[in-house]
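These protein sequences, in sequence, are chains A and Y.
The number in my numbering is simply the position in the first sequence, starting from 1, with 2 added.
The number in my numbering is simply the position in the second sequence, starting from 1, with 27 added.
Hints may be right or wrong, so weigh each one.
Only pairs whose alpha carbons sit at most 27 angstroms apart, straight line, appear in this in silico BS3-like list of lysine-lysine [to be verified]:
#1 K174/Y <-> K48/A
#2 K186/Y <-> K127/Y
#3 K48/A <-> K44/Y
#4 K163/Y <-> K174/Y
#5 K51/Y <-> K65/A
#6 K80/A <-> K185/A
#7 K48/A <-> K66/Y
Here are some chain A residues pointing at chain Y (derived, C-beta under 7 angstroms) [claimed, not checked]:
#8 M50
#9 Y52
#10 M53
#11 A55
#12 R56
Don't read these hints as lab results, they were simulated from the structure.
Cβ atoms here follow ideal geometry from the backbone N, Cα and C, with glycine treated the same way.
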Amino acid sequence: MKELITSLFSTLTVQQVTLVISIINIVIVTASLILFVVFMVYFERKIMGYMHARIGPNRVGPKGIFQSLADTIKLLFKEIIIPAKADRFMFLLAPLLLLIPAIAAWAVVPMNPEFLIADINAGLLYLLALTSFGVYGVILAGWASNSKYAFLGSMRAAAQMVAYEIAMGFALVGVLMAGGSLKLGAIVAAQSGGIQNWFFIPLFPLFIVYFISGVAETNRHPFDVAEGEAEIVAGFHVEYSGAAFAIFFLAEYINMALISILTAIFFLGGWESVFSNISILENSVFSFLTQPSIFWLLIKTLFFLFVFVWLRATFPRYRYDQLMTLGWKVLIPITILWIGVECIMFVMEVGPWSSI
Amino acid sequence: MNIKHIIKTLSMIDLIKGFNVTLKALFREKVTIQYPEVKTPLSPRFRGKLALMRYDNGEERCIACKLCSAVCPAQAITIESEERNDGTRRTTKFEIDAFKCIYCGFCEEACPVDSIVETDIFEYHMTENHQRIQTKEMLLATGDDYKEQITKNRAKDSKYT
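Please build the complete structure, drawing on both the sequences and the hints.
Rendered as structure tokens:
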């Protein structure tokens with residue numbers, strides 16, 4: 003790609019070429035994320051329908067595939083109602099504060115060893131910083147709406163996100179210890195060489211804790227007390243309509259995808275193949291299956307997205323005190339305990355540390 | 028908090044059972060009926076829109092006994108009557124307020140001459156408020172249109188009444 007751009011625009015300097023490549027990558031990632039959300043809404047409704055023994059959307063287009071497109075158009079053409087006593091600037095800023103970190107976090111997520119927007123050294127820290135930034139959007143949305151239900155929802159969301167952030171951070175400390183690097187690419191590289199090297203085996207409790215706190219971070223079922231359709235209507239975004247609401251929706255689904263792809267990268271070996279050491283496959287026409295590729299990363303991501311929907315269809319919402327109990331009294335002790343276990347594994351030189 | 032409870036919670040056995048239920052449901056046969064195209068079967072006793080019937084010679088059955096309007100719990104039926112030239116008593120006005128009617132079927136049971144009946148039409152609508160009043164002509168017309176269906180349903184149900 004670099005050669006192509008240099009040959010097309012020979013007048014550009016090296017820095018300008020890098021800039022152009024970055025912009026192209028950003029456009030690719032953002033566009034595919036938005037397309038993904040369109041797909042995900044349909045996927046979720048269809049899977050949820052099937053799990054309820056219904057057939058889900060099937061009216062718009064063949065098998066209902068244009069349903070989310072129709073929903074998008076509907077949302078974009080609806081009026082954005084701003085409550086009379088709301089803080090207009092903050093009210094309109096809040097959805098953007100939620101969407102920008104959600105998309106910006108993708109800058110350090112590698113799709114394969116080559117494709118990466120920004121190869122920064124502290125990728126993991128960048129991710130932690132940006133995923134915790136989302137809570138500002140939620141609080142601001144609740145506060146600027148000037149509605150007690152919205153504010154109640156955002157207060158709940160704040161407490162919940164803070165609680166689960168810690169468990170999530172500790173789980174990532176475990177990954178950091180095993181991977182030996184803050185770069186996401188290096189973490190995947192540390193897991194190369196077959197399914198037995200993937201981190202979900204030595205770090206199994208952390209894998210579960212990371213995914214559970216990821217679900218709680220994105221305010222998805224069964225941890226959606228911030229939205230709480232039954233008690234506080236829609237929580238922090240109850241006053242939003244039209245395109246402003248669509249942005250909340252977009253941010254939620256992009257965050258879901260982010261948590262899924264990060265779980266795949268940290269614990270399931272990212273783009274590493276499931277069949278990497280099977281010699282029968284390597285010598286046959288299916289040898290491409292044994293190669294690491296973006297295909298495997300997408301399969302793993304899709305699996306976790308399916309689990310998101312599966313969770314939603316299976317479990318009722320947690321009561322608020324149970325939610326806090328789970329976060330503070332169960333997940334955080336488990337992660338701390340397992341970091342201790344990792345230290346022992348490090349000293350005994352087992353698992354990911356055997357080669358050191 | 029005993030050991031058994033802790034093991035049960037940490038192994039997430041209950042969650043896995045729940046996941047299993049929904050995963051099975053994913054592959055279960057779907058029960059959705061595509062309503063406007065496909066309709067559910069109706070019982071012959073189904074109580075829908077009201078109609079007035081005629082004898083085979085075209086004479087209307089109703090003799091204005093007003094039993095139906097007396098039994099009607101929603102007081103949806105209004106009847107006015109007078110004697111006709113041939114000496115029989117007939118209705119001059121027979122109106123049903125479709126908004127008041129609760130489709131209980133008491134009028135049909137009360138009728139001594141099987142004049143007022145309930146058809147199995149359940150999807151009909153009106154666009155203006157005044158259209159809720161169904162006049163005698165409208166009711167008779169419904170009866171004429173659906174006579175075949177009504178007779179068939181009554182025949183099916185006759186064993187059990």
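Quick one: which hint numbers does this structure break? Sort them smallest to largest.
1, 2, 6 and 8
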